[in-house]
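Participant: Sequence:
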Amino acid sequence: AQRLLVPALPRRRRRPRSAHRLPLPYGRDRADGRGLPVPALAGGARGGESFAWWKAAGDHFLVLTGLFPAHLDTRCDRRGAPPLDFYENFAARSYRTAADHPQARRQGLAPVLHDLSDTFTEARKALNLAAEEYLFLAN
219 AQRLLVPALP
229 RRRRRPRSAH
239 RLPLPYGRDR
249 ADGRGLPVPA
259 LAGGARGGES
269 FAWWKAAGDH
279 FLVLTGLFPA
289 HLDTRCDRRG
299 APPLDFYENF
309 AARSYRTAAD
319 HPQARRQGLA
329 PVLHDLSDTF
339 TEARKALNLA
349 AEEYLFLAN
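The number in my numbering is simply the position in the sequence shown, starting from 1, with 218 added.
Because the hints were derived from the structure by calculation, they are not lab data. Hints are supplied without guarantee of correctness; some may be wrong.
What follows is a list of derived Cβ distance ranges for each label pair [to be verified]:
#1 P320 to F354: 39 to 49 angstroms
#2 D318 to F354: 31 to 41 angstroms
#3 E350 to A299: 34 to 44 angstroms
In this text, all values refer to a predicted model and were calculated from it rather than measured experimentally. For glycine and all other residues, C-beta sits at the position ideal for the given N, C-alpha and C.
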């Protein structure tokens, strides 16, 4: 019975990717589901898109390390994922790269991004404290 029904169903067609749409910042927009490293994706971006990539990478890792450090530690212990300082260093470099982009100067974000790059660990610890004191996040 299944053989008779399957050919009758219309085939789902993939829509072509819009030229204006960027892949997701964490690189999970490939058909095979594997992630691409952010530097490889940002390196292929043009103009203001690379600024957006680097800033988004810093923002994502600030939230990840600031709100979920226990999750990162668990992944490091159980699965051999990189330690917390890897994510801190990557985020600080991302903010530094974004700060050096001309788009950051045009938007007036260069000083803020430079400060975040220089003091990322302190910013993360402040977010850790705020999360511990004011938010309930289940592990």
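Participant: All hints, please: hold or fail.
Facilitator: Verification of the hints:
{"no.": "1", "hint": "P320 to F354: 39 to 49 angstroms", "in the structure": "holds (41 angstroms)"}
{"no.": "2", "hint": "D318 to F354: 31 to 41 angstroms", "in the structure": "holds (38 angstroms)"}
{"no.": "3", "hint": "E350 to A299: 34 to 44 angstroms", "in the structure": "violated (22 angstroms)"}
Comparing the model with each numbered hint stated earlier shows that hint 3 is the single one that does not hold.
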